[in-house]
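Fit chain B to the supplied structure of chain A, relying on the hints for placement.
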Amino acid sequence: MKSITINQLKFAGSLALLTILFRFALSALLSDMQFTWAWVIAAIYSLSVFITGWILGKKDYETLPLYDIGFKFHLITYIECNLIAELWFLLGFQSHFENVKTVHYTALFWGIGLMIHLILFRYSRKGSIKGIEKSELFD
Amino acid sequence: MNEDKLLSELLSAWEDTYKKGQLTLWIFLALKEDKKYVDDIKFFVEEQSRQTMSCEEQSLYRTLRKFQHLGVVDFETGKGNKGPERKYYFLTDLGQTLLAQFIDRNISLFFSYKIKKLLIPEGKS
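Protein chains in written order, with the numbering used here: chain A, 1 to 139; chain B, 1001 to 1125.
Think of the hints as simulated: they come from the structure by calculation, not from any bench.
Heads up, simulated DMTMM-like pairs for lysine to aspartate or glutamate below, C-alpha to C-alpha not over 20 Å straight-line: (1) B:K1087 to B:E1033; (2) A:K59 to B:E1056; (3) A:K130 to B:D1074.
Pulled out of the complex, with its shape left as it was, chain A reads as follows:
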């Protein structure tokens, strides 16, 4: 079993690009005190990430209906978003209105959510063989 698929790599690339663009726009808008636009850009970013993940995840599932697809996309999103956010502060690209604590708390609470997802995923795959639900093996 491949640990990462082509569609997951495409998602990782798109997500990195979207996140860097978002971070850049967010910091610029906050520096100009354009708070309403910061919300708008955040909503557009979230929607774009969701749609990209949805399309590529669906393609992945059509290629091979594995249980762990949703979790893998979640894990990629968690790692990339938090890594880029941390780097953003480390390189000093943030605006005056951004606080690194927000990034740390996001990583912490999101991490708890990710752990719950992992537990649910491990629990649900008990009825599967090699990651595919038994009812879908020979359908």
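Frame of chain A; chain B shown alone:
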């Protein structure tokens, strides 16, 4: 509803249910004796099932990818008649054993004398 129409609709409904899950058996039978590429498998399934089973190429690829992931089917690349290389699929040892045990448990019983007699329409025995 007249009787002919009822019979036709009942038959279609039964066949739709009966055919679910049959594609696996047909694919395994297609690969039992030799390696085949997708077009060959499709041709075998449709011809040997007397066109009662049909399979789209995309659906076959998806099924074969799943079987390969499970370790019951594998492929090797080889030259096609024209154009690019093709994937020639075959049953692995696990696939061969799985098919043999499935036939033994689910298909062989149709070859018992009593069942065969019941299956053959009257006047044809």
